[in-house]
Each structure stands twice: as C-alpha cells, then as structure tokens.
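Novice: Each chain, letter by letter, is given below.
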Amino acid sequence: MKNILENIETQYFKFDKLVLESGKELKDVTIAYETYGKMNENKSNAVLIVHAFSGDANAAGFHKGASKPGWWDNMIGPGKAFDTDKYFVICSNILAGCSGSTGPASINPSTGKPYALDFPVVTVADMVAGQKKLVDHLGIKKLLSVAGGSMGGMQVLQWAVSYPEALCSAIPIATTMKHSPQQIAFNEVARQSIMADVKWNNGNYYDTKQSPDSGLAIARMIGHITYMSDTSMEEKFSRKRKENNAPSGFASDFEVEGYLRYRGDSFVKRFDANSYLYITKAMDLFDVSGKNFVKTAKNKDTNFLVISFQSDWLYPSYQSEDIVKQLKLKGYNATYIEIKSTYGHDAFLLEVEDETKLVKHFLEKVYKEAENG
Amino acid sequence: MGEVISNTPLEYRKIAANIEKNSKVLDLGCGDGDLMHYLMQTKNVNAQGIEISEDAIYSCVEKGLTVFHSDIEGGMDAYPEKSFDYVIMHNSLQQVQKIDYVIEECFRLGKKVIIGFPNFAYIWARKDLLLGHSPVTKTLPYEWYNTPNLRFLSVKDFEKFCKEKKYKILNKFFFSGGKEIKLFPNLFAQTAVFVISK
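Taken in order, these protein sequences are the chains called Z and W. Using this note's numbering, the final residue of the first sequence is 442, and nothing's skipped along the way. Using this note's numbering, the final residue of the second sequence is 619, and nothing's skipped along the way.
Mixed in with the good hints, there may be bad ones.
[What the hints assert, rightly or not] Cut-off 30 Å, straight-line C-alpha distance, at most; resulting in silico cross-link-like pairs (DSS-like, lysine-lysine):
hint	chain 1	residue 1	chain 2	residue 2
1	Z	Lys394	W	Lys532
2	Z	Lys429	W	Lys464
3	Z	Lys93	Z	Lys268
4	Z	Lys399	W	Lys519
Just so you know, the hints here were simulated from the structure itself, not pulled from any lab data. As the structure is a prediction and not an experimental result, all values here were calculated from the model.
Using the sequences plus the hints, can you model the full thing?
Specialist: Next comes the structure, spelled out in structure tokens:
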C-alpha cells in the first residue's frame, strides 16, 4: 500500500482576474489543482503536469472512495517516473475546462448565470498564464520541469515560450507546435456535431435540463478513432461481433461500434459540450512555430525531452522532429526519441515502461544540474 | 569512475587526447553514448549525439546525454553553422549512404572532423578474400547477407579521398587488438581514426 497515493483531494486556487491574450478580462477565476509529494526547502523540486484535452486535475492517486486512480497514475507516485518521494508534483485543470476550473459552465459574475457562449475565447497561452499564477501562488520561482502529452504538450511548449526563465526543463510528448489542417479538420467535425444537436441551443442549455449529449458523444467517438491506430483497432476489436448478435439493422453489431458508443456515452456524463468547443478552438489557434517559437538559448537554459510514437497519426512524429529541430537551431539541449508503439496517439498514456525509463533519468539529470547550480 | 576510465578502449583515449577541454562535440551514430560519456567525464565537453537505434537512445538518456533519434543524414540539418568544435563519426561512416554530403555537412557544423572506420585492407581480411570469400574479422564481424556496412574502405582509400577533397589530415591513429599500430597500417590496422579539417 506504501506506493499508492490515497485520500487525494482537489484544491482550488482563486484569484480576482486574468487578462487574456485577446485583451478581455476573465473575472473571479478558479483553477482546480492537486499536488503530490513534498516541496523541498528551497522549492526547487516542483514538477508541473499539464493535462491533455479532456483531462483533469486528478493526475495521480485515489480520491476518497474512488475506484479508479488519476489519469497518469502509472507515471506519478512513489518510485514512479515522476517520483513523489523526490519531487513535488502539481497538476492543474485548464481554464475553459469543466472539472473545477473556470469555464463556460461557470457563473458569469456580471449576470449571475452560466457564461455559455459569453465566455471569452481562451488560448493555450491564457491557460498557461493561469498556471503561472498558481505556481507563483505556491511560491515556486523555477519549476524543475513541466510535462504533458497531446494538448498537455502544447502547454509545455507554451510554458517554454512564455516563461523560459521559470523552467529547468520541459517534456513535451506526442504534440506539435501547431495543428495541421488535418488536426483542425477533425476538431471542426467534432464541433459541428455538437452544434448540429438541437439541444445545444446556441450554447444555452445549462438551464434547460437537456444538454447536447448525442452531439457531444459523436464528437468523442471521432476523437477516439483518432487516438487509436489501424493496428491497435485490429488487435482490440478486429471484426468481432457482439455476443448473441445477428445482424440487425443499424444496432451496434461490431465490437468497435459498441466500444465507441460506450466511450461517447460515458464521456457526456463528465464533460461539458461548450468546454469541448472552447478547448478544441484553443488547440486549433495554438501556433508557436516560426518567430513565435522559444527565444535563442543563453547559457544553461531549459533542457528538453521530446517524445513521439511511431503509430501516432494524429500527432505524427514529424511534428515532434520539427520541434526538436527548432530547439537545436536555437541552441537548446534537446533529446528526442520516437518510441516504437502500435497504440497510436493513446500511446502517451500506455507506453509507461519506456516513458518511465526516459523521464526518470532525464529528471534525475536535470535535478542534479539544478542543485549543483 | 576510475574503473570506467581504465576499461576505456584505446581508441576513445586517443580521440579524447585530440579534443580540447570544454569544447562542443557532435557524435554522429553515437550508439550507447559511451564515447560521449567518456569525453564529458574526461574533457568536460558539451556533447550531443545522433543515433538511429531506439534501444541505444534509452542507454544515452540513462547516462544523462542529449541525443536525437534519427539517421545521420536526417539529423544534421537541424544545427546552425559552426555549432561544434568537433564532429565525430566513429564506426558509423561505413553505414552512411551519401558520404560526400555527410562529410561536407560535418564541416558545415564543426571545425574539425574525427572519423574512425574498420580497415577493409587488414591482412586477415585480405586472407579471406584470397581464399575466395568476403572478409569476416573482429571489426568487420558481419556476413555478407547481414552487414549494416554499405562502404568497404581501406586506410589508403580514405587518404586518397582526403587528398581529392583537399581535406587536411591533422592526425591519424591505427589500432589492432586494443594496441596502436605504427607500421604498415593499411596492412595491420583493424581500425583507423583520422582527425581532419578543411
């Protein structure tokens, strides 16, 4: 039992306002976050974990009475890759999300009603600006590392762009400097499926006791297709049919259909459709390529560990290679690895053994360098 | 640490002797990163590697090294001009497709280039050829059907190549069975290391 994080509780950091990239002000902001492990005396052992599109603050450990641990529990904990015996690990829920942080379902202080589409456009840079406030609030001047996969990786890159002086290292995983038209296209189909649901009602569904569940479920189904690979779907489902199932009109005959429906249905119970719109838009607008990229390194700047996966066609390896090439051109120390995996984009949550080997040693090196000045 | 250093191959020690302290080094085809690691320990170099094998990348990261998972040709264009003092290709040149291009790229990135390769004209390799089959030696351990080597060159071949390309040979070392070879290297050396510049 010793290496399990128990009785984890989400905490809430509140502040009066955040000036957004658009110039607008977001008032009465809440950021949900969790921490694991202990901060050392000089606050030099803090690692920020940033989550993917639909993640939340519960990255590791069990909430009281919960049957499932946090979404990256196999990477965070005592003796694990992000070793909570050594490091103070923080994970915060993103702005515009729906798991405790301020988002479109939150109450708009100027109307007393949920924001819905009055919620301002929030960018990845705004999300990271919120995280920076949290890190400042915790009294941390410099993070040992910031790490995350997929959209989490975008936040990692944004941290390196916005606050390079506040980072010893960065670990962007299965991510990109900017969405390709293909990635934008998938997001747009997902958004359209939500907005085509009559129950979406232009975003005003919070008081109507009905929400655009079928639109949101379809959006999630599309997402799940892009997270897997041809090979992983073949291995998981092949053309297997559901039990006792003779072909019957358009019911779900195949296991893959049942899986997608199940995923879609369980997603709507925990996710807000408007958050889906806002967050996917933030991902599509994200672009730290070209002149927006990190500044040229001075001495002893951020170390990077960039990881991609061979079968990930949603965030293909060439996008990670581009990140590394840009970093090298700017004079950064960047290690890059493409891990052989058949899991597709999901690999960043599943290839735990390989990622552990990399992250563990990389952090040890960075920590040693940071401690020795 | 002492043990690591005493077990170090002579070739590594000779290469280290040709590298200035605190310099910047790029190791193309760095494998498990042993040479880079040794140079960091003994010469305090700032080293980076390029390596194609995924397994080797884990070993490099374990040693705290910075390494880029790529083939040599694809990995070099990421660096700005003259980023390094030395570019090393130790036992990887013979596996490169476009030798001319890669060596020119080495000179774009670094001031000096250090190249080590197995000598195909080694006496026991010649014996194999005389007996009518492809050489298999300690430094050329592969059979014809499974060798990763694309190029089969000798000490003489490389010297001729440098002359044609007008590369200056600043230093050269030859080895066989863990010892340095001084006489008739094209006949007796299993491995050659050249330090060249433009």
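Novice: Mind listing which of the numbered hints don't hold for this structure, in increasing order?
Specialist: Checked against the structure, no hint fails, so every one of them is satisfied.
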